[in-house]
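Student: These are the residues of each chain, in order.
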Amino acid sequence: MKESGGVSRGNKIDKEGWGFIEVNKITSAAGEDWTGQMEFIHPDDDNAEDKTVFRLPLAKPLAHNDSIIVNFDFTAKLPQPPFARTGAKAEYFFVGQWFPKIGVYIDQQWNCHQFHANSEFFADYGVYNVRMTVPEKNILGATGLLVEKKTNGDDTATHFYHAEDVHDFAWTTSPEFVEFTGRAQDVEIRVLMQPDRAYQGLRHLEAAKTAVEYFQNWYGDYPFPNLTVVDPRRGAGGAGGMEYPTLITAGSTYGLPEGLRAVELVIIHEFGHNYWYHLLASNEFEESWMDEGINTYTEIQIMSDKYGPVGDALDLFGIKLNTLQQHRGSYLFNADYDPTVRRTWEYYSGGSWGANSYSRPGVLLTTLQNYLGKETMQKIMRAYVERWRFKHPKTRDFIEVANDVSGQNLNWFFEQALFSNATLDYSVDRVFTREAKKGEGYDFKFSVATPDSAMSNGKNEPADESTADSVASKSQPKLYESGVHIRRLGAFKFPVEVVAEFANGEKVREQWDGQELWKKFNYIKPTKLVSASIDPEHKIALDMNYTNNSKAIEAASLGVNKLTARLLFWMQFLLDQPEFMSLFTAFIPSF
Amino acid sequence: MILTSLQPGWQMVRAHKRMLAVFYLANLFFGLLLIWPLRAMLKNFIGDSMMGGKLGGALDMDFLFEFIKHNEQAGSVFFGLVLIVPAVAWLFTLFLSGGALAVFAQDEKYTPARFWGGAAQYFGRFCRLVLWSLPVLVLLFCLQYFESGAQRLFFGKDPYENISYWGGWIKAGLRALSFLLFGMIFDYARIHAVINDENKMRASLGAAIKFVSQNFLATFGLAFLLFAVGALALVIYNPLADSLAAPSGLVILLLFLLQQFYMLFRATLRLTLYASQLHLYRGLESTPAAITLTAEVDMHGLTPATE
Numbered sequence: 001m002k003e004s005g006g007v008s009r010g011n012k013i014d015k016e017g018w019g020f021i022e023v024n025k026i027t028s029a030a031g032e033d034w035t036g037q038m039e040f041i042h043p044d045d046d047n048a049e050d051k052t053v054f055r056l057p058l059a060k061p062l063a064h065n066d067s068i069i070v071n072f073d074f075t076a077k078l079p080q081p082p083f084a085r086t087g088a089k090a091e092y093f094f095v096g097q098w099f100p101k102i103g104v105y106i107d108q109q110w111n112c113h114q115f116h117a118n119s120e121f122f123a124d125y126g127v128y129n130v131r132m133t134v135p136e137k138n139i140l141g142a143t144g145l146l147v148e149k150k151t152n153g154d155d156t157a158t159h160f161y162h163a164e165d166v167h168d169f170a171w172t173t174s175p176e177f178v179e180f181t182g183r184a185q186d187v188e189i190r191v192l193m194q195p196d197r198a199y200q201g202l203r204h205l206e207a208a209k210t211a212v213e214y215f216q217n218w219y220g221d222y223p224f225p226n227l228t229v230v231d232p233r234r235g236a237g238g239a240g241g242m243e244y245p246t247l248i249t250a251g252s253t254y255g256l257p258e259g260l261r262a263v264e265l266v267i268i269h270e271f272g273h274n275y276w277y278h279l280l281a282s283n284e285f286e287e288s289w290m291d292e293g294i295n296t297y298t299e300i301q302i303m304s305d306k307y308g309p310v311g312d313a314l315d316l317f318g319i320k321l322n323t324l325q326q327h328r329g330s331y332l333f334n335a336d337y338d339p340t341v342r343r344t345w346e347y348y349s350g351g352s353w354g355a356n357s358y359s360r361p362g363v364l365l366t367t368l369q370n371y372l373g374k375e376t377m378q379k380i381m382r383a384y385v386e387r388w389r390f391k392h393p394k395t396r397d398f399i400e401v402a403n404d405v406s407g408q409n410l411n412w413f414f415e416q417a418l419f420s421n422a423t424l425d426y427s428v429d430r431v432f433t434r435e436a437k438k439g440e441g442y443d444f445k446f447s448v449a450t451p452d453s454a455m456s457n458g459k460n461e462p463a464d465e466s467t468a469d470s471v472a473s474k475s476q477p478k479l480y481e482s483g484v485h486i487r488r489l490g491a492f493k494f495p496v497e498v499v500a501e502f503a504n505g506e507k508v509r510e511q512w513d514g515q516e517l518w519k520k521f522n523y524i525k526p527t528k529l530v531s532a533s534i535d536p537e538h539k540i541a542l543d544m545n546y547t548n549n550s551k552a553i554e555a556a557s558l559g560v561n562k563l564t565a566r567l568l569f570w571m572q573f574l575l576d577q578p579e580f581m582s583l584f585t586a587f588i589p590s591f
Numbered sequence: 001m002i003l004t005s006l007q008p009g010w011q012m013v014r015a016h017k018r019m020l021a022v023f024y025l026a027n028l029f030f031g032l033l034l035i036w037p038l039r040a041m042l043k044n045f046i047g048d049s050m051m052g053g054k055l056g057g058a059l060d061m062d063f064l065f066e067f068i069k070h071n072e073q074a075g076s077v078f079f080g081l082v083l084i085v086p087a088v089a090w091l092f093t094l095f096l097s098g099g100a101l102a103v104f105a106q107d108e109k110y111t112p113a114r115f116w117g118g119a120a121q122y123f124g125r126f127c128r129l130v131l132w133s134l135p136v137l138v139l140l141f142c143l144q145y146f147e148s149g150a151q152r153l154f155f156g157k158d159p160y161e162n163i164s165y166w167g168g169w170i171k172a173g174l175r176a177l178s179f180l181l182f183g184m185i186f187d188y189a190r191i192h193a194v195i196n197d198e199n200k201m202r203a204s205l206g207a208a209i210k211f212v213s214q215n216f217l218a219t220f221g222l223a224f225l226l227f228a229v230g231a232l233a234l235v236i237y238n239p240l241a242d243s244l245a246a247p248s249g250l251v252i253l254l255l256f257l258l259q260q261f262y263m264l265f266r267a268t269l270r271l272t273l274y275a276s277q278l279h280l281y282r283g284l285e286s287t288p289a290a291i292t293l294t295a296e297v298d299m300h301g302l303t304p305a306t307e
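Protein sequence lines correspond, in order, to chains U and G.
Anchor point for the first sequence: position 6 equals 6 in this note's numbering, and the numbering is continuous, going up by one each time.
Anchor point for the second sequence: position 248 equals 248 in this note's numbering, and the numbering is continuous, going up by one each time.
A couple of the hints might just be wrong.
[Said to hold, decoys possible] If the Cβ cut is set under 8 Å, some of the chain G residues that face chain U in the computed set are:
hint: 1; residue: L32
hint: 2; residue: P37
hint: 3; residue: R39
hint: 4; residue: F45
hint: 5; residue: S49
hint: 6; residue: M51
hint: 7; residue: F155
hint: 8; residue: D158
hint: 9; residue: E161
hint: 10; residue: Q259
hint: 11; residue: M263
hint: 12; residue: L264
hint: 13; residue: E285
[Stated by the list, open to error] Under the rule of at most 20 Å between Cα atoms (straight-line distance), these lysine to any residue pairs were calculated in the SDA-like manner:
hint: 14; chain 1: G; residue 1: K200; chain 2: G; residue 2: L131
hint: 15; chain 1: G; residue 1: K157; chain 2: U; residue 2: G237
hint: 16; chain 1: G; residue 1: K69; chain 2: U; residue 2: N334
In short, the hints are calculated from the structure, not lab data.
Since the model is a prediction, treat every value here as computed from it, not as a measurement.
The beta-carbon is built from N, C-alpha and C at its ideal position, and this holds for glycine as well.
Go ahead and model the full structure; you've got the sequences and the hints to work with.
Tutor: Here is the structure:
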């Protein structure tokens, strides 16, 4: 709460509705009371008041492959309304982060972090058998599979769920859910909608089907037979947009237009977490990019393939926005505060955490995909899933898979992209074209330079021996000396393609390794240079500024004039408003 | 009554085209004042980049984000301009309205002296009228909260989203209505001030409120009719403007001309509203006809007096 200032994921805590988990008693299998041995620790900072982590020292160490039974008697009070991913409002309950979760013993030590504002979780796999007793009329959804529903005769029913190989368990219940079911490949899908948004049920179902199909086809088998999608209640958005094994929460609003694909985005994203977070159980505290960032990358690819390539996130009133553009925009505004890999509570700001956890990794992996090719990248992702499923991979493990599958040493890329805050920006600094002049010198004769022979790529090759007079006949076409000067403005070094376009339609493609601070390309041709551009297809999504990637000999002001004309109109229209009539207010509903 | 006011109002506007030009040019001037720094920022950022040509097509969202990112400081200055210029523009339009009403009220030919003299004469009063009418604006603005109250009364504190969604639209409609009503009252207050050469703006405001309430159908009908015409024009304008999307200089010129024609039309609507309202006001507030008494006198047996 100190870190968040009482605001989490856009929701403010209701001071009357605090939630907590209280461990009442800890006993051994034999009934020994171990409660007194519980000791709160704060491994991440000096906050002695933080009681989100406790250790329980055992009388003797547990040997490798040995087991122990520890009974926790605890009380969980849910925040009202839902806050920080869990809570209740009126008849609706979303029960997440509700039990004392055991940390991960990894690398010869316990990895167990405090509960931070801008962080998620890290836990280990296990088997869950959970019995939940709720009012009989309630519909319930949970992680895992329903084993049995038993009516208790007192207007309550007990739902028994079983989940294997999961590292978290969440559940939800409400008497008002409207259920939609469907199937995608071998996965049964269940969507629990709020009654006032039930008309969006099929839309949610279709999005879930899309998610399952793409992930299974592209990245590997989803290891569970079912998926539950929960539509959070109005006023309970604090538990929305979240992932749990086999259960995800979405989030929508009544009247959401089809062209604003928020439903599709959130479902594809949250389902993706069943791969990147659940199946590949990376440490969300320490390497948040591995779940959120990789998931953002896969979300970008799926949205583009399914709903793109233009306007896959937003296509409304003539405004088109891609998911990639959306994340690139987010990255641009928080590009260089921190390296991508950082402990989540140590980022400069919430904005930096968001950009480095979600957007920057999404953009950098898209850049890598464009560099390696889509096929190779998909192979890398599939191999990553295959090799590290049900394990706890780290950043280095992912890099190792990428190097291995691609057959290249990509460390140069990952070191800059993940472990530094270097920004990437290549620009065309200068372009020129002029009539080639015959060289002059005292007591020396130069030939007239021949086209394409002498000055390509900045290399000066020996001039032709023939004399200027003999070559410079009237039949010789006029030659032009042109130049393209490229600069690397950012610290991130990346190979780039440069395309020089000439008046006769010729395009010369150059490759530059991007290592030095600048590079000059020179040409002698019987045609003038028209323009030059770096990465004309915008494959390098990490580039901070596409606008400076090109230059034309003659500036085109068409676009500026059109944009100015449009904006002028809107300025004139709005200036006309206050006194005459506030037409535009009629189109802005307020809630 | 509405049409009988509208027709002479429209005739009046046709007879004073130069005044129309003044209103239109004022709007264009302030629009340019706002847009020119933005254009300079755009040109500076784009430079010789091929983006300059690409923007002739669809708006590139990548460009938009880059532009905002790389012009953050200039953007905040521009934002300040966006707050100041509309306020100045509105004051200037208020100033011009005095001139327009003065010319319409005198029902004489437009002359610069008459127009600008009237503008100057009434500007101070109109500024005071603005201050006096603020409570009216606040009161009318609160109309929308009737929806909130009704929603709470019938559906409680936690209504389903479809209720609050449609309720939101009703609220927006009530808000638009409140602006329309306020505009009407403000207009008739100004008309009252001009016609009666009233110095006390509180009195003009009171007279306007009274006039509007006593003649609600006529006053609201006239204002709403012109509002509807303006809305219809926008509905016609939008697809036409969207169709002018080809990246060519000629098309951009056509787009600009279409836009300016639309703004000229809006200026015409504004002046037509002033003139029609003035006619309506005069028509409904005219003095009663002289009373003629007739009587029969029985002259039988009476001899008229003679000198």
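Student: Return the status of the interface hint for F155 (chain G): holds when the least beta-carbon distance to chain U is below 8 Å, violated otherwise.
Tutor: violated (11 Å)
Student: Go through the hint on M51 (chain G) and say holds or violated, using the shortest Cβ distance to chain U against 8 Å.
Tutor: With a minimum Cβ separation of about 5 Å from chain U (threshold 8 Å), the hint on M51 (chain G) holds.
Student: Hint M263 (chain G) vs chain U: min CB-CB distance below 8 Å?
Tutor: At about 5 Å, which falls below the 8 Å cut-off, the nearest Cβ of chain U leaves the hint on M263 (chain G) intact, so it holds.
Student: Verify the proposed pairing of K69 (chain G) with N334 (chain U), using a straight-line Cα cut of 20 Å.
Tutor: Holds, at roughly 10 Å.
Student: Given a cut of 8 Å on the nearest C-beta pair, is the interface hint for D158 (chain G) held or broken against chain U?
Tutor: Result: holds, 7 Å to nearest chain U Cβ.
Student: Next item in the hint list is F45 (chain G). Is there a CB on chain U closer than 8 Å to its CB?
Tutor: holds (7 Å)
Student: For the hint on L32 (chain G), just tell me whether its beta-carbon gets within less than 8 Å of chain U.
Tutor: holds (7 Å)
Student: Check whether the Cα positions of K200 (chain G) and L131 (chain G) lie no farther apart than 20 Å.
Tutor: With Cα atoms ~12 Å apart, K200 (chain G) and L131 (chain G) stay inside 20 Å; holds.
Student: Less than 8 Å between beta-carbons is the criterion; does P37 (chain G) satisfy it with respect to chain U?
Tutor: This interface hint is violated because 11 Å lies over the 8 Å limit.
Student: So, as I understand it, the hint says S49 (chain G) touches chain U; can you test that by seeing if any CB pair is closer than 8 Å?
Tutor: Check passed: Cβ of S49 (chain G) comes within 5 Å of chain U, closer than 8 Å.
Student: Check whether the Cα positions of K157 (chain G) and G237 (chain U) lie no farther apart than 20 Å.
Tutor: Measuring from Cα to Cα gives roughly 17 Å; hence the hint holds.
Student: Can we keep the R39 (chain G) interface hint, with Cβ of chain U closer than 8 Å?
Tutor: holds (5 Å)
The earlier numbered hints that this structure contradicts are 2, 7, 12, 13.
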